[in-house]
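> For the sequence shown, the positions run 7 to 507 when our numbering is used.
Calculated directly from the structure, the hints in this document are not laboratory data. Glycine residues also receive a C-beta, built at the ideal position from the N, C-alpha and C atoms. Heads up, a few of these hints could be off.
What the hints assert, rightly or not - Below 27 Å or equal to it, Euclidean Cα-Cα: the simulated DSS-like pairs (lysine-lysine) are: (1) 331 x 341; (2) 438 x 73; (3) 438 x 462.
As the list claims (entries may be wrong) - Using C-beta positions, here's what the derived DEER-type ranges look like: (4) 345 x 299: 15 to 21 Å; (5) 299 x 248: 21 to 27 Å; (6) 237 x 142: 46 to 52 Å; (7) 361 x 166: 22 to 28 Å; (8) 248 x 342: 40 to 46 Å; (9) 129 x 238: 41 to 47 Å; (10) 69 x 494: 17 to 23 Å; (11) 62 x 361: 54 to 60 Å; (12) 353 x 133: 46 to 52 Å; (13) 119 x 23: 33 to 39 Å.
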Amino acid sequence: MKLFTDKKSQPTYTNKFGQVLTYKDKNKVIGIFKKNPSILLSFLSECYPLSSEIIIRYENYFEENWKSLSENSRIEWTEELLDKYEDKWDWSLLSLNKGLPWSVDLVAKYIHKWNWSLLSSNEALPWSVEFIELFKDNWNWYRFADLKSDFFTWSIEFIQKLTPYWYWTNLSEKETLPWSVEFIEAFQNNWDWTALSSNQSIPWNDNILEKFKDKLDWTQIAYNQSIPWSEELIQKYVNYWDWKSLSWNKNLPWSENFFYQYLKRWDFSALSRNESLPWTIPLFYEFIDLWDLKNISRNEKIPWNWELINFKKEFWNWRSLPSNKSVPWDVKSIKECEIFLNHTEKIIMWMSFSTSPNLQWSKNFINEFKNNWDWKGLSENKELPWSMELLETFKDYWNWDKLSRNESIPWSLELVDTFTNYWNWNAITLNKSLSWTTELIEKYPKVNVHDLCLRKDVKLDLEFLVTHSKKLAPSISVLEILSPYISLEVVEDVLKKNFFD
Numbered sequence: 007m008k009l010f011t012d013k014k015s016q017p018t019y020t021n022k023f024g025q026v027l028t029y030k031d032k033n034k035v036i037g038i039f040k041k042n043p044s045i046l047l048s049f050l051s052e053c054y055p056l057s058s059e060i061i062i063r064y065e066n067y068f069e070e071n072w073k074s075l076s077e078n079s080r081i082e083w084t085e086e087l088l089d090k091y092e093d094k095w096d097w098s099l100l101s102l103n104k105g106l107p108w109s110v111d112l113v114a115k116y117i118h119k120w121n122w123s124l125l126s127s128n129e130a131l132p133w134s135v136e137f138i139e140l141f142k143d144n145w146n147w148y149r150f151a152d153l154k155s156d157f158f159t160w161s162i163e164f165i166q167k168l169t170p171y172w173y174w175t176n177l178s179e180k181e182t183l184p185w186s187v188e189f190i191e192a193f194q195n196n197w198d199w200t201a202l203s204s205n206q207s208i209p210w211n212d213n214i215l216e217k218f219k220d221k222l223d224w225t226q227i228a229y230n231q232s233i234p235w236s237e238e239l240i241q242k243y244v245n246y247w248d249w250k251s252l253s254w255n256k257n258l259p260w261s262e263n264f265f266y267q268y269l270k271r272w273d274f275s276a277l278s279r280n281e282s283l284p285w286t287i288p289l290f291y292e293f294i295d296l297w298d299l300k301n302i303s304r305n306e307k308i309p310w311n312w313e314l315i316n317f318k319k320e321f322w323n324w325r326s327l328p329s330n331k332s333v334p335w336d337v338k339s340i341k342e343c344e345i346f347l348n349h350t351e352k353i354i355m356w357m358s359f360s361t362s363p364n365l366q367w368s369k370n371f372i373n374e375f376k377n378n379w380d381w382k383g384l385s386e387n388k389e390l391p392w393s394m395e396l397l398e399t400f401k402d403y404w405n406w407d408k409l410s411r412n413e414s415i416p417w418s419l420e421l422v423d424t425f426t427n428y429w430n431w432n433a434i435t436l437n438k439s440l441s442w443t444t445e446l447i448e449k450y451p452k453v454n455v456h457d458l459c460l461r462k463d464v465k466l467d468l469e470f471l472v473t474h475s476k477k478l479a480p481s482i483s484v485l486e487i488l489s490p491y492i493s494l495e496v497v498e499d500v501l502k503k504n505f506f507d
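Using the sequences provided together with the hints, build the complete structure.
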C-alpha cells in the first residue's frame with residue numbers, strides 16, 4: 007500500500023482498486039464490524055475471494071456460513087479445500103457454483119455428493135459429448151434442454167448420439183432448436199407431439215402441418231399463435247381442428263362471414279371471451295341464448311351500455327363486470343345495480359369496484375359510497391386521485407397498512423409528517439416511491455433500517471452505516487460501501503481481535 011501525507015488532509019492510502027481512502031474511514035469500517043460482525047462474515051462468505059488459508063485459519067467463525075461459502079464463486083477453490091470440509095459444504099449449492107475448478111476428474115471424485123439435477127444446468131462444466139456420455143446415468147436430462155444453445159451444437163447428429171436419454175417433452179418445447187421439416191422428421195417417433203404442437207418457435211407452415219397432420223395435437227395447434235392463420239388453412243383442416251380451442255384464438259381472420267361460415271362448429275363459451283370477434287349489439291342479441299354471460303362479463307370489446315347490462319342483470323359475473331374497462335359506470339348505474347343484487351353479490355361487486363382502475367374517481371364519487379367500499383382494496387388502488395386532501399378527508403376509513411405500500415400516492419416530506427402516527431413504518435420503508443435520504447431516515451426513528459438496507463435504490467453512506475451499525479442488514483448496498491475498505495489486512499485484523507464472541 008502506498009501512503010500519502012498531506013498536511014491539509016487526513017493520511018490516505020490507495021487500495022487495490024486504485025481508490026484513495028483515508029485511514030480514519032478504514033477505522034470506522036472496522037468499528038462497524040466490531041459492533042455488527044455478521045456484516046463482515048456475510049461479505050466474506052458471499053463474495054470475497056477468500057483463500058484456503060484464511061478459511062482454514064478462521065474456520066470457527068464460518069460455522070453458520072457454510073451455505074454462503076458454498077455459493078461463493080470467488081473463493082480460491084481447490085480439491086484440498088473441498089476434501090477438508092466435505093461434510094460441511096452444501097453440495098447442492100456447490101453443484102451450481104461456476105467458480106469450482108471443474109473437470110472430469112472433479113465430477114467423478116464426488117459423484118455421490120453432487121445434486122445432479124442442479125449440476126445438469128451448470129454452464130461452467132467442461133461440456134462435450136464425451137463428458138455427457140461418461141455420466142449419462144447421472145444427469146437430469148430434463149434440465150439439459152434449459153442450457154443455452156451455444157453450449158451444444160443442437161444438430162441431428164448430436165441428438166441422435168444420446169437419443170435414449172433425452173427428456174423429449176422438454177426438448178419438444180425448446181425454442182432454440184434448429185427447427186425444420188427435416189429436423190422434426192428425424193425424431194418423429196420421439197417427440198412429445200402435444201408439447202411440440204404448442205411450440206411457437208417452430209416455423210409453422212402448411213408443409214409442416216400436412217406432413218405431420220396425423221401426429222400433431224390439433225388442440226394445441228388450434229391455440230398456437232404462430233400458425234399462419236388464414237381462411238384457406240382453416241378450411242383445409244376443417245375436420246382436424248379442436249373447435250373449442252380454435253374459438254379462443256384471437257389470431258384467426260375474424261369477420262362476420264367467417265363467423266357465420268362455421269356457426270355450428272364454434273364453442274360459444276370460449277367465443278364469449280374472445281375480443282377479436284366483430285362484436286356488435288345485433289350480434290350479441292342474435293345469439294343471446296348461446297353466449298356464456300359469465301365470460302362475456304370480462305370482454306372489453308362488447309359495446310357496453312346500461313340497457314345491455316340491465317337486460318341480463320341476473321346472469322352477469324359481478325366480480326368481473328365492475329372491473330371491465332369498457333362498461334360506462336357512474337353513480338346512477340351503480341345505485342341501480344344495488345337494487346337487484348343480493349347481499350353476497352353486493353359484497354362481491356363492491357370488492358371489485360374498490361380495486362377497479364376504470365371508475366370516474368373523485369373525492370365526491372368516493373364520498374357518495376363511503377359506507378360501501380372495501381377500504382382495504384381502495385387503499386391499494388393506484389388510480390385514485392391521490393392528494394393530501396383526499397387522505398385527510400377519509401383518514402378514518404383508509405387501511406393504512408395498504409396505503410403505506412401504495413406507490414401512487416404523491417409522497418413528500420410534508421405528507422409523511424402529516425400522517426406520521428398512521429403509517430406502517432415497516433411497509434413505508436420498502437415503498438419505492440418514497441425517496442429515502444440519510445437526512446430523512448434520521449428524522450424518523452421508526453424507519454426499519456434493516457429493511458432499508460435491502461433496497462438497492464436507497465443511497466446510503468459510510469456515516470449512516472456507522473450510526474446504525476447494529477441494525478444493518480448484509481445487503482448489496484451495504485457491502486458496496488464497505489468493500490473498498492476490505493482488504494486481507496482488514497479481514498485478518500478484525501478476525502484476530504475476536505469480535506465475534
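> Hint by hint, note whether the structure agrees.
Structure-based check of each hint:
1. 331 x 341: Status holds; Cα separation ~18 Å.
2. 438 x 73: Not satisfied, since the Cα-Cα distance of roughly 30 Å exceeds 27 Å.
3. 438 x 462: holds (10 Å)
4. 345 x 299: 15 to 21 Å: holds (19 Å)
5. 299 x 248: 21 to 27 Å: holds (24 Å)
6. 237 x 142: 46 to 52 Å: Hint holds: Cβ distance 49 Å, inside 46 to 52 Å.
7. 361 x 166: 22 to 28 Å: violated (54 Å)
8. 248 x 342: 40 to 46 Å: holds (41 Å)
9. 129 x 238: 41 to 47 Å: holds (45 Å)
10. 69 x 494: 17 to 23 Å: holds (21 Å)
11. 62 x 361: 54 to 60 Å: Once the Cβ atoms are compared, 57 Å apart, the range 54 to 60 Å for residue 361 and residue 62 holds.
12. 353 x 133: 46 to 52 Å: violated (58 Å)
13. 119 x 23: 33 to 39 Å: Roughly 36 Å apart at Cβ, these two residues keep to the hinted range, so it holds.
Violated hints, in rising order: 2, 7 and 12; the structure is consistent with all others.
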